[in-house]
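Asker: Each chain is listed here by its residues.
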Amino acid sequence: MDAVILTTLLKDIVIPEVLVAIRAHHNATGNLPTDAEVIAALDVDALKVKAQGQDFLDATRPLPAAPPATPTGT
Amino acid sequence: MILHKPHAIYLVRALAVVYVVIGLAALTTSCVHPPATVTTPEGQRAFNADQIVQRLGEFQSAVIDLSRAGKIKLEDARIIVAWVSGDKNATPPVTGVIDILRAYPASGPTGLVNASWQTARPRVVAVPDLADWVPVLDQLLGGL
Chain W
28 MDAVILTTLL
38 KDIVIPEVLV
48 AIRAHHNATG
58 NLPTDAEVIA
68 ALDVDALKVK
78 AQGQDFLDAT
88 RPLPAAPPAT
98 PTGT
Chain U
-12 MILHKPHAIY
-2 LVRALAVVYV
8 VIGLAALTTS
18 CVHPPATVTT
28 PEGQRAFNAD
38 QIVQRLGEFQ
48 SAVIDLSRAG
58 KIKLEDARII
68 VAWVSGDKNA
78 TPPVTGVIDI
88 LRAYPASGPT
98 GLVNASWQTA
108 RPRVVAVPDL
118 ADWVPVLDQL
128 LGGL
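In the order they appear, the protein sequences are chains W and U. If you use the working numbering, the first sequence corresponds to residues 28 to 101, in order. If you use the working numbering, the second sequence corresponds to residues -12 to 131, in order.
None of these hints come from the bench; they were simulated from the model. No residue lacks a Cβ here, since even glycine has one placed at the ideal position from N, Cα and C. Take these hints with a grain of salt, some might be off.
Incomplete in silico selection of chain U near chain W, CB under 7 Å [claimed, not checked]: (1) P22; (2) T24; (3) T27; (4) P28; (5) A33; (6) A36; (7) D37; (8) I39; (9) V40; (10) G44; (11) I66; (12) V68; (13) V71; (14) S72; (15) R89.
All chains should be built: construct the whole structure from the sequences, respecting the hints.
Answerer: This is how it looks when you write it as structure tokens:
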């Protein structure tokens, strides 16, 4: 029973997961990436990370200190 | 589905094995060498830099999640995130280690990435929930 469950899980979960991970390193045509493609991928991934960081920084940026109150009246 | 106790134990054991295998597969694929179709030194450096950028993205996500969970001071989280991504809206703007890595394929190792990491390292070390990341970042950034 143990072996049956293990075999099933390997076939249905592990192997597909490994294949997905391997395919992630291939381009859309299924070929291995070329030099130009990995250089382009670096830019795309870098911009994605920078955008996430900038969003966080902008959302949590402290408000500028309020200017000192000016006296009113005469 | 009702499982007898022994079957449940087998299932838990099997799942544990599955998670270990998935973890090892993920670790292996995250440390891959450039494929044979990437032939120039610039392309090979870009491939390696892209792997590091992806890990830094995961690190940054972890920092942001910890901040939202209140497990890291917002000020510390902002400084670490700005170290990773830079901050174009700061006065003056801040350059992130990602920007240095984008130049790495053309420049090769200059020591700038490691120097940048050494400035941020004490602040990362000071956060207990980020302790596991320190040796990873040492390994990834130390030689660049």
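Asker: Confirm or reject each hint.
Answerer: We went through each hint and held it up to the structure:
A hinted interface residue such as P22 of chain U counts as satisfied when its beta carbon comes closer than 7 Å to some beta carbon of chain W; here the least separation is about 4 Å, so the hint holds. For T24 of chain U, the interface hint holds, since its Cβ comes within 7 Å of a Cβ in chain W; the closest pair sits about 4 Å apart. Taken as an interface hint, T27 of chain U checks out: its beta carbon lies about 5 Å from the nearest beta carbon of chain W, inside 7 Å. Hint status for P28 of chain U: violated, given a least beta-carbon distance of 10 Å to chain W, over 7 Å.
Hint status for A33 of chain U: holds, given a least beta-carbon distance of 4 Å to chain W, under 7 Å. Interface hint status for A36 of chain U: upheld, as the beta-carbon distance to the closest one in chain W is roughly 5 Å, under 7 Å. Satisfaction of the interface hint for D37 of chain U is found here, the shortest Cβ-Cβ separation to chain W being roughly 4 Å, below the 7 Å cut-off. For I39 of chain U, the shortest C-beta to C-beta distance to chain W is roughly 9 Å, which exceeds 7 Å, and the interface hint is violated.
Checking V40 of chain U against chain W by beta carbon gives a least distance of about 5 Å; that is within 7 Å, so the hint holds. Here the hint on G44 of chain U is kept, as its CB sits about 4 Å from the closest CB of chain W, short of 7 Å. Interface restraint check: I66 of chain U against chain W, minimum CB-CB distance 10 Å, threshold 7 Å, status violated. Restraint check, V68 of chain U versus chain W: the minimum CB separation of about 5 Å is within 7 Å; hint holds.
Contact between V71 of chain U and chain W, as hinted, is supported at the beta carbon level, the nearest pair being about 6 Å apart and thus within 7 Å. With a cut of 7 Å, the hint placing S72 of chain U at the interface with chain W holds, because the nearest CB-to-CB distance is about 3 Å. Contact between R89 of chain U and chain W, as hinted, is supported at the beta carbon level, the nearest pair being about 5 Å apart and thus within 7 Å.
In summary, the numbered hints that this structure violates are 4, 8 and 11.
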